[in-house]
Every structure is written in C-alpha cells, then in structure tokens.
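Trainee: Here are the chains, one letter per residue:
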Amino acid sequence: MNTRRLGGLILKESMQILRDPSALGIAFVLPLFLLLLFGYGVSLNAEHVPVGVVVEHPNPQTEPFVATLRRSRYFDVRPLRSLGEARTAMARREIGSFVWLRGDFARQTLGDGPASIGVVVNGVDANTARLVQGYLTQSWQIWLAQLQQQQQAGTAAFPVAMQPRIWFNPALRSRDYLVPGLIAVIMTLIGALLTALVVAREWERGTMEALMASPVTMAEILVGKLLPYFVLGMGGMALSVVLAQTVFAVPLRGSLLVLIGVSALYLLVALGMGLLISSVARNQFVAGQIAVVVTFLPAFILSGFIFDLRSMPLVIQIITHILPARYFVSSLQTVFLAGNVWPVILPDAAVLAAMAAFFFGVTLWRSHKRLD
Amino acid sequence: MARLLALIRKEFLALLRDKASRMVLVGPPLIQLLVFSYAATFDLNNIPFVVINEDPGAAGREMVARFAGSPSFRQVATLPSTEGVAALIDRRAALLAVHVDRDFSRNLARGRPASLQIVIDGRNSNTAAIALSYVSDIVLRFNAEWAAGHGGASAPAVLDVRAWYNPNLLSRWFVVPGIVGLLTFVVTILVSGLSVVRERESGTFDQLLVTPYRPWEILLGKAAPGFLIGAVEAAVIAAVAVFWFGVPMVGSLVALAIGLALFLVSAIGIGLMISAIAATQQQGLLGAFLFLVPAIILSGFATPIANMPRAVQYVTYANPMRYFMVILRGTFLEGDGVGDLLGQYWPLALLGVASMTAATLLVRRRMV
Amino acid sequence: MAEPGLAPALRFEAVSKSFGAFRRRVAALRDLTLTVPAARITGLLGPDAAGKTTLLRLAAGLLRPDAGRVEVLGLDSAREAARIQRRIGYMPQRFGLYEDLTVQQNLDLYARLQGLPPAQRLARYAELLRLTALGPFGDRRAGKLSGGMKQKLGLACALLRIPDLLLLDEPTVGVDPISRRELWAIIAGLRDRGVTVLVSTAYLDETEHCDAVVLLDAGGLLAHGAPAAMAAELGGRCFAVRHPSLDRRALQQRLLMLPGVVDARLEGTGVRALLAAGAAPPTAEGMDWRPAAPKFADVFVDRLHARRPRRAPQAIGPAAAGDDGPVLHVAGLNRFFGAFQAVRDVSFDVLRGEVFGLLGANGAGKTTTFRMLCGLLPASSGELRVAGQDLRTAPAEARARIGYVAQRFALYGNLSVAQNLAFFAAAYGLRGARLRARLDWAEAEFELGPFLAMNAADIPLGFKQRLALACALLHAPPILFLDEPTSGVDPLARSEFWQRINQYAAAGTTVLVTTHFMDEAEYCDRLVLMSQGSVLAAGTPAAVRARAARPELPDPTMEEAFIGLIGAHEASLRRAA
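Protein chains in written order, with the numbering used here: chain S, 1 to 372; chain Z, 1001 to 1368; chain U, 2001 to 2577.
Here chain S stands alone, though its shape is the one from the complex (with noise of 0.2 Å):
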C-alpha cells in the first residue's frame, strides 16, 4: 500500500464530503436532528395523561379517591358531569381513559362492599393503554392504603404486596434506552447508506474508470473509502455519546473503552455492508435503495431499539439474528445501562468481528481493478 497515493485517495474522499450536500445531510444533519427527536421528542413515558373524572354523587367518600389522581404526576384530571359526556369527549379525543364512580360507591365503600370503580380506557393505542392502566392501578393502591391507615383496619386488603425493583433504569425514562441504540442507527446511516451510495457515484460518473486506469491498487481505493466514512462514523457516535451524557442525562456506566470497540466493530459491518451494496448496484438510486431496506430499517425495527426482539414471530427473530444491528444495540444498552457485563458483550462482539470478516472478504473477493 503507498501512502502517497492513500493519501491522496482520503483527501479527496473527505473534500467531498464537505461540499457534497447530500453526505451533508445524511452524515451531519439527519444524526442531530434523530438525536434531537429522540432525546426531547420521543418518548413512550405518557406523563399528564388527559383522564376524565365522572363522579355521579360526589361525597367525602369519593373526594380522597380524586385526590389521588389528582396527586399523580401521570394524570390530568378533566371532571365531568356525565357518562354522556365522557363517551363525548373520548369520541373527540380530548381524554384518552375515563374514571367512573357510580352513585352508589359510598354505600359500597362503606359496608355493602366492594364498589366498582369503572374505568375505560380507549385501546386504540396498546401501548399507552397499558401504561395508563397501570398508573390507575397504582393511583388505586395508593388510595387503599391511606384508606387502611385511617381506618387502621387488622386484615390488609393487600395479602400480597408486590415490591419491584428495577435495574439499571428505576424511573423507566424511555430515553435512557432510546438514545443509546440511535448509535446504531447513526452508524448505519453513515457506515452502509452514505458508503453504498458514494461508492455507486464513482461508478455512475466514471471517476471509478479512471481511477481503475491509474496505478492505484484496489487495496488502496478501498481503504481510501472506509478511512475517512470510518472517522465520521466514529464522529457520529462521540456527538451521540456527548450529547448522551452532557444534554440528555443517559448514565453510562460501563467504560467508554468497551463502547468506542464494540461500535468500531460495528461500523466496520456497516461499512462491509455499503461496500459490498455498492458494488451490487453500480447506481446510487438502487443502491440507496438496497442500503434503505437491509440496513437502515433493521436497524431501527429488527434490532431491539425500539421493539423487544423476543416477543417477535419466531421467523422474525431467526431474521434478526442475521442481521448485524442486533448485536449491537443489545451491547449499546448493556454498556450504557448495566455495564461492562462481558456475557453479552463478548459473543456481540465475537459476531460482529465474523460479520466484518465475512463482508471485507465478500468484498475483496468481488473486487477486482475491471470493469468486467
């Protein structure tokens, strides 16, 4: 390899980068602006969820109830008048659950025993559903067990307390999990999406020809290329990093050593991938195509980024196993939220080395300096 030529191969590469506006965008702009959402945008924490209240007789018994949910940080209490009301206001969106406490929850509460307390919530949206469920339930909890210290009753209305204790994340910030894993998708954008596509370019405007003609070897071209989208890649990840740790408060408590090696290795796979994408598709349009489909969207659905890999059909998962954003965002959360827990990071590491392998080989092996 002669480094005069490299060199002069890099710096090139990275001139373009600079003035090309698309690598602008899909290196620089569409990072921070992912980062930005899913740091302040995003998040599956609902907080002040509009609840509507409907209290048929209101009396000393129900008060302490709607106090409650008042008291949570999870609700926007809304009063309403009516049952009538209520299926108004849910058909209309303004509330997406509602409480009902019938007339006769004071007799009930009181003696006549267990009173009912209605709660409908607008399933539409699972997910949120669930969680808005739960903090009722917890907003009941609570309430009995003020109930039971004023009445200072013998018998728990509880036998069996529930005591959770969760790790690594005990206030559930969904952001927390969220940023970490956009490094991988960051590192795809970049590693696969932008390589596959300057790669195509040089093909399609025939500089790829003339630099065949040239003394260059392809040794050089390639590592030309990975070079200079290895940096920025990495760059990708220090701004996610930085802004991890300074912006958005996510710990990360394993070492910053593990993670710049787990994501070198990754972006390598990424890189493999745009290359090898990129000498499939001699054309940018269906190479960023390609790159779109096999990367960028496993990346953010088939990785555990977003979505919990084990509850997916089991062909799905046996797909996911394939793919190299698996490995990676299960090592990012690890290092960021639990540590250097060598068990998972060593085997995401061991396959994501096999998968860089496979790729740069892959590629060497169809690389040739001709056209044909």
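Any given hint could be a false lead.
[Claimed, not checked] In silico lysine to any residue, SDA-like type, Cα no more than 20 Å apart, as pairs:
| no. | chain 1 | residue 1 | chain 2 | residue 2 |
| --- | --- | --- | --- | --- |
| 1 | Z | Lys1019 | U | Met2454 |
| 2 | S | Lys369 | U | Phe2019 |
| 3 | S | Lys369 | U | Pro2065 |
| 4 | S | Lys369 | U | Ala2078 |
| 5 | Z | Lys1019 | U | Arg2024 |
| 6 | Z | Lys1019 | U | Ala2457 |
| 7 | S | Lys369 | U | Arg2064 |
| 8 | Z | Lys1019 | U | Ala2453 |
| 9 | Z | Lys1019 | S | Val294 |
| 10 | S | Lys369 | U | Thr2053 |
| 11 | U | Lys2295 | U | Gly2235 |
| 12 | U | Lys2295 | U | Gly2268 |
| 13 | S | Lys369 | U | Gly2020 |
| 14 | S | Lys369 | U | Asp2066 |
| 15 | S | Lys369 | U | Gln2093 |
| 16 | U | Lys2144 | Z | Arg1009 |
| 17 | Z | Lys1019 | S | Trp203 |
| 18 | S | Lys369 | U | Ala2082 |
| 19 | Z | Lys1019 | Z | Arg1009 |
| 20 | S | Lys369 | U | Arg2087 |
| 21 | U | Lys2144 | S | Glu204 |
| 22 | Z | Lys1019 | U | Gly2020 |
| 23 | U | Lys2144 | S | Thr207 |
| 24 | Z | Lys1019 | Z | Pro1029 |
| 25 | Z | Lys1019 | S | Glu204 |
| 26 | U | Lys2144 | S | Gly206 |
| 27 | Z | Lys1019 | U | Asn2455 |
| 28 | U | Lys2144 | S | Arg19 |
In short, the hints are calculated from the structure, not lab data.
Given chain S's structure and the hints, the job is docking chains Z and U onto it.
Mentor: Relative to the frame of chain S, chains Z and U by itself:
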C-alpha cells in the same frame, strides 16, 4: 382530454417500465408490510423469568404457578437463592426474577402483608414497564382470590377496567392501520418526488414543455401516478390488514376514502416540491428520505404525539401523516364516520392546498 | 520511454471480446489483430458500436480479452495490468473528474495517484495549466467548467506523469473547434516527446493530425494506414460539382441519384461528389465537374459504403420561396443570469424554408438563445417572434407549430419506440386516420420498424437520433428546432441526417439548428456565429468564410473562419478591457 390521458398514460409507463421504480413500488413496501406488522409490537409474549422460591409453604408455590401458567411468561431457571440472579439478568437470559421469601406463606396465613420481590431488567424501559404491568395483573388477581378464599377483608372498591375499541389491547391493531398510512406516504412521496426530476435529468422535461401542454396539465400528469398508485397501495394494504392480520374495520369506508384522498393530495404536493428542488434523481431520493424519516417519527405512528414536548407537538400540525393516522385508526377501530373526522379533514385539505400551491410555484420556477 | 521505431507500443493478436450473457451476448471485438507503432499518433475511427471503447479499455488493462492476447508496452494485459497502468495515461469518454473538487484539487489527486514526486509537481502543474490555458481557473470547481475546459482538465490529469502510452477515448466530443485545436496541439507535443498516442474520434477531419488511422467496423478491422496514403488511393474519384441553376441541395440529391456516385456532400458553394472506383464523371445535365483532392472523409464513406445500404435519395424541387416575411424574428435580445450577461443584443431573421445555423464555442450563448426562442427561457429584454408570437407567452396551441429535438435526443428511455411515437402524436393532438397515417409515415421514413418494441434507451444512437426527429416531426410542424442534433453520432448517420433536413427545408419547413461541427455549417443557408454572447458574423456560409479571408489564407474552411473570427473578436475584447 385524449391528450391529457396520453400524458397520464405516458407517466405511468415511464414509471412502471423502469426497473428501479418498480423496485421502489413493490419490493420495499412488501417487505416493510410484513416486517413491520409482525415485528413492530410492544406486546410481550415470551418474558423469560427466573424463580427463587424460598417459601416452604403452599402459597409460594401457588404464586409461582400463576407465573408459570401465564402465556406471557416463560420460566428459564429456578434458583435456590438470590445469588446468581444478577448474572442471569445481566446477560439477558432472564428479563425478571420473581422472589418469594421464606415468610411468604406464614405472613399470608397470619394476615400480615406478604411481599413478593420482583427484580426486573430496566435496560429497555418500555419492556420493563409492560412486564411489570403483567406482573401486577397476576398479583392483583392472586390477592382478590386469596381474599375471597380466606375470608379476608376484601378491598372496599375494585377497578373494573375496560378497553374500548381494542378490548384485548393488541398492539397489532394499533400498528397495522398505521402501516397503511406509512407505506402509502412513502410510496407517494417517492413516486411524486422523483417524477419531475427524472424527466429533467433525462432532458425530456424541455421536450415536454415545448409541446402544447399547459403547465397545469403537466403537473396533473405528474400528480396522477402518485395518486393512483398511492390509492391502490393503500387499498391493498388495508385489505391485507383486515383479511390477513384480522384487524377490524368498524368505521365508514367512505370516511377513510375521503381522508385518503386528502392525504394523498398533500403528500403529492410535498413530493412535487422535493422534485422541483432536486437537481438529480439521487438528490430527489435523498430529499425524500431526509423528509420521510422525521415525518414518520413525528406522525404518531409508533410513539404518541401526546408524549412529545409542546413545541414538538406544534411542529406535528404541519405533518399530513399525523391527521391520516387519526383517520386510519378512527375508521378501522373506533367506528368513525365522516362527521367524526371533520376535525382531521380540514387541516389535511389546508395542507394539500398549501403544498400543491408551493409545488406549482416551484415547478413553474423550474420551467423558466 | 519507448524509442521511436522500435517495438510496437500495442499489439492485439486475434482478440475477441463480448458482453452480456447468453442470448443477449453481443460481440464488441471479433478476432482483431492490430499493431500500433510507438511514438506515433494513431487515430481510431469507426461508426457507432464499432468497438472503439472496448479496444481502448482492453489496452488500459481494464478488460480481459475473451480470446487472443493484448500486449501493451511489451507487457501482457491480462497478467500484468498493474505494471501497464503505471506506464499509461488513460482518459475515458466521460473523464473521471471529481466535479465537487477544484481544478487544482483534481490535479493534486491524480498527481498523487500517479506517484508524481512532490518536487516535480509544481513545474508540471505550471506546464499543464499553461498548455491547457486553465491557469486562471485553478480554484474553480470542475463541475463548473465548460465542456471544452473539462476535457482539457481531464487530459491534464492523465498527463501528470508523462506516460509511455496515452489512450484517449473521444476527447474532442462536444468540444468547440478552438478547444479541439488546443487539445490536438497538446497531443502533438506529446508525440514529439516520444509518447505513443491512441485516440478515438468522431471527427473525420481530425485524422489530419494522426500519423496512422485504424478504421473499425462491427468489431473488426476495416483499414489501417496513414490517412494521407489512404486518401491518395481515391485519386481521380473526388470532384467538386456545380450547377448554374440548381441550388446546392437539389444538386446534391440529383447527384446521389446518378449511377456511380457513392456520396455527395455540400461543401463550399458546391457539392463534393465521390465516384465509385472506375466510374467516369457523368457528363449530363450541365453539371460542372472539377477534380478535387481526396480527404479522409471520402475514405471513410468509401470503405463503409460497401457495408451499409444508403438511404434512397429524394428528388427535391426548386427551393420554396421565402417571400412571406420572416418566420423567426429576433431583435435586440438580451439575457442575464444574475450579473452575467449570457446573450447580448442578438438580432437575426429567419425566412420560411431556410436552414439557419447558430454556431459558437462552448459558452458562447447559442444554447441560451436557442432556449429563449423555444420559449423554455424568458428573455431579459428584446423582441422575439416565432411565427409571429412569443412562445413564452403564447397560448399552448402556438407551440403546436414547432418541432423540437433536444440535445442528447431526450426520449423516454424506458418507453418503447412505439410508445414514444404514440405519446408525442397524442401530445400534439393527432387522432384517428391522421394519427395512423403519421405513425406509418414515421415508421417508414425513419426505418424504425425493427425497433418498435424495443426501449428507446436500448436502440443504437443513430436510431435514437432518428426517433427524436420522428417525434418532433409527427405533427408536421412548419418550424423545426434542432439543438446539437448530430453530437456523438457517427459521420454516416450525420450525413444521412442532413439529407433529411435538406429535404424538409426544401419542402418549406424552417429549420433552426445549433452545432459544433463546422462542416455542418455548410448545410445551412445562413448562419450566425456567436462568441461571448454576441453575434460575431452573420450571413451565408460563403459570406462568413469570406469575412475571415486574409492574404495568407485566401479560402478558409468554415473551421478556420470560425477560429480566425473568434480569435480576432476575443483579442479586441481584451484590448478594450
């Protein structure tokens, strides 16, 4: 009229005879439909858990049996003590640990609160929250039955929860109608986003401009494939949603069709704007991509708009997909008719007019 | 460095090369044996798809022959491509310039890639920038250069380290005569330093710069030798023909119908005729036959004629009278792009049935003028009338009166030939019996029958040109706009194309055409020569040539006239500045 039809026919041929465009229209939507529909779910059905039962009594066994018997849980190990739990959870062999302590049965029998310790992996906080809600369901049921069976004081009031529109809270019912909108959006933006720029790149746009076609005819010709293909694709995916994935369709089809038409117009307007700005097809493709990714994230497709910060919520008002998501879920699940969706129609119509006007101006500017 | 007269620089031994798979496999070269001498300029000529690019790529070690052996500078190209590539310079048809990078950055990149030692770089840059006259543009991005400048920069990049063998693939396509002349001067300079040059070209007149010419057709060798010697073989068969009453176009058609006439082309004030071997000049019809010196263009036609059926000539009546006022009227036309004035104060009129040419160097403003005439671009100021209307503001129906052939034959590549025709017919509102009749006409007139079901992108270039012309003529427009309609098309197809245009003009169609080929200017009745946005000369080709006549050059060719006039104009601008 015959001239206009010939123009529209030409636009379709140019689109459908091109291998790359055909690939955009058929391959990715199909893959996405299957992958999203099956993979994009928040429901858990296979939660791996470990049991540490130190309780010699029957109540502990009964509690553990309820977990093991639940279809959502899968027991992966039984440990004699809490030692070793950390290792299993750390390496993700188990999502949660159920710990029944030594005094569980005894406390229960004496009417003292018995505690059930749950240790859960919070790395994916959403999964953890959902799993905890499943655990809570099991414990509540256990409590109610224990109280009933052992003459304990029952709670003075119990929750009677009903979920409207989606009684079993199936994620898929939420996701699949959203996919109808998502894929229609992607295909329409791509088809119209590449329409003008493809011709300009191949030089045929000038050729078209010197024919007797008027500018509005040319624009109509460019909009037609996006509209028809978007509509057909939406109809096909909606049919797959109902007949393959079993999502109910309880609302008015007319209301859905009106919403689809309005949505397509605004999406085509945006696509044509991208196409007018881009200089090459590659720029058009990237422009569409750079627009689509945030637009989809900010549409309420996967994460509720209500959870977003106020400022971001305001941004979503400019996103046609936001309104169409409501229309889709309203007509599929909530039984909405035309009257219920007026509040979604008018912003869509407004966006459609605005984007088509902007597109016309931009394309006209490109014509000079 | 190879020494002249010694071992050949390039040797092809029974080389075959095909592309595609299975049934769609197409042979690009068939059993080609060829030797290219060292330290000479060898021109590579042939019609479309003759195999020129394949031959050059094989020589560059970018392709591997299917059969046979390619030896470059004594090295086997299949096994020693890397060593070959260290010693050659190669400029592909679309040279691999990085358009986002500046001129200087492109040079830097290729200097490093070719391993030019840093110590030698500055001197080499200075020499190349001087040779190519690109010095003032060092900081300009390659994408913003004109076509001719891009080609020169491409050549400079291939020449950073002076190669032993230089391979150039159509370096002068789309380049104006002045830039072409500069490119050839650079190439000639290289030969004097002992470099072997193999260059393919579509310009037959460029063979005058070559020591030897290789003529390919359909992947095989048709002829190989010194161009002058090949031309000399045609001694006694070339004539300049004049006629007292017939106009040139009618005379040309008349000649083509005579037995024994192989080719007839407009040249100067008369027609140049090539006779078949052994044929005597026909004496009939009052024609005045004078022997002319044979040129390589005659060789090309003569060699290929035997292998191609020629289009049947059409009788042309007397020229339609152009007395009903100008069809195109341009007065005081200006166009600004920001502060830059692309067109300044251009005025001319075109009469009915005239073939009117817009000529000029790259960036002279001819395409801008052309686009304003078609209504594709608004004029900043000035008067513009096409058939009495400004197409930009005229109702759509007015556009039905023009036909338009865009640069690079803008066709719908993934629509079939038949679908392209059907679309344009419908776009112009043809229907019923007339539609059928015009489609049949186009199919027969342009011999498109065998291609109807094929995608327009997949047919040979010459037929693309025919299809573009057919689409523009379906509605029988009285005015035809042609923007560089012959660019990249081989000489035979060009000459046939002009025959058709002549025929339509004779029938009363007004034709406005832009071109880079100066020999094509001869086909125009009148022309304007543009430079830096202004009209430099206007009138008949003879009048324009006469304007450039000087004592040392009494009878300049159109190309010499062009170069002389533009050179004088630019010099006067420089003096004024």
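Trainee: A separate judgement is required for each hint: does it hold in the structure or not?
Mentor: Each hint, compared with the structure:
As the CA atoms of Z/Lys1019 and U/Met2454 are separated by approximately 15 Å, the hinted pair is consistent with the 20 Å bound. Between S/Lys369 and U/Phe2019 the CA atoms are separated by roughly 17 Å; this keeps the pair inside 20 Å, and the hint holds. Between S/Lys369 and U/Pro2065, the direct Cα distance comes to roughly 14 Å. Compliance with the 20 Å bound is thereby established for this hinted pair. Between the alpha carbons of S/Lys369 and U/Ala2078 the distance comes to roughly 11 Å, so the proposed pair stays at or under 20 Å and holds.
As the CA atoms of Z/Lys1019 and U/Arg2024 are separated by approximately 18 Å, the hinted pair is consistent with the 20 Å bound. In summary, the hint linking Z/Lys1019 to U/Ala2457 is supported, as the alpha carbons are separated by about 13 Å, within the 20 Å threshold. Taken as a hint, the S/Lys369 and U/Arg2064 pair is honoured in the structure, with Cα atoms around 11 Å apart against an allowance of 20 Å. Only pairs whose Cα atoms come within 20 Å are accepted, and Z/Lys1019 paired with U/Ala2453 is accepted, the gap being roughly 17 Å.
Restraint check: the Cα-Cα separation between Z/Lys1019 and S/Val294 comes to about 18 Å, which is no more than 20 Å; the hinted pair holds. A threshold of 20 Å between alpha carbons decides the hint, and for S/Lys369 with U/Thr2053 the separation of about 17 Å falls inside it, so the pair holds. Among the hinted pairs, U/Lys2295 with U/Gly2235 is consistent with the structure: their alpha-carbon atoms are about 10 Å apart, no more than 20 Å. Between U/Lys2295 and U/Gly2268, the direct Cα distance comes to roughly 15 Å. Compliance with the 20 Å bound is thereby established for this hinted pair.
A C-alpha spacing of about 19 Å is found between S/Lys369 and U/Gly2020, which places the hinted pair at or below 20 Å, so the restraint holds. Restraint check for S/Lys369 and U/Asp2066: the C-alpha separation of about 17 Å stays at or below 20 Å, so the hint holds. At roughly 18 Å between alpha-carbon atoms, S/Lys369 and U/Gln2093 fall within 20 Å of each other, so this suggested pair holds. With a C-alpha separation of about 37 Å, the suggested pairing of U/Lys2144 with Z/Arg1009 is violated against the 20 Å cut-off.
Distance restraint check for Z/Lys1019 and S/Trp203: the Cα-Cα separation of roughly 19 Å lies within the 20 Å cut-off, and the hinted pair is therefore satisfied. Among the hinted pairs, S/Lys369 with U/Ala2082 is consistent with the structure: their alpha-carbon atoms are about 9 Å apart, no more than 20 Å. For the hint pairing Z/Lys1019 with Z/Arg1009, the CA-to-CA distance comes to about 17 Å; that is within 20 Å, so the pair holds. Distance check on the hinted pair: S/Lys369 and U/Arg2087 sit about 16 Å apart at the alpha-carbon level, within 20 Å; holds.
Using a Cα cut-off of 20 Å, the hinted pair U/Lys2144 and S/Glu204 holds, with the two alpha carbons roughly 19 Å apart. The straight-line distance between the Cα atoms of Z/Lys1019 and U/Gly2020 is roughly 18 Å, inside the 20 Å bound, and the hint therefore holds. Under the criterion of a C-alpha separation no larger than 20 Å, the hint pairing U/Lys2144 with S/Thr207 is consistent with the structure, at around 17 Å. As the CA atoms of Z/Lys1019 and Z/Pro1029 are separated by approximately 15 Å, the hinted pair is consistent with the 20 Å bound.
Under the criterion of a C-alpha separation no larger than 20 Å, the hint pairing Z/Lys1019 with S/Glu204 is consistent with the structure, at around 17 Å. Distance check on the hinted pair: U/Lys2144 and S/Gly206 sit about 17 Å apart at the alpha-carbon level, within 20 Å; holds. A threshold of 20 Å between alpha carbons decides the hint, and for Z/Lys1019 with U/Asn2455 the separation of about 12 Å falls inside it, so the pair holds. Between the alpha carbons of U/Lys2144 and S/Arg19 the distance comes to roughly 14 Å, so the proposed pair stays at or under 20 Å and holds.
Going down the numbered hints, you'll see the structure goes against just number 16.
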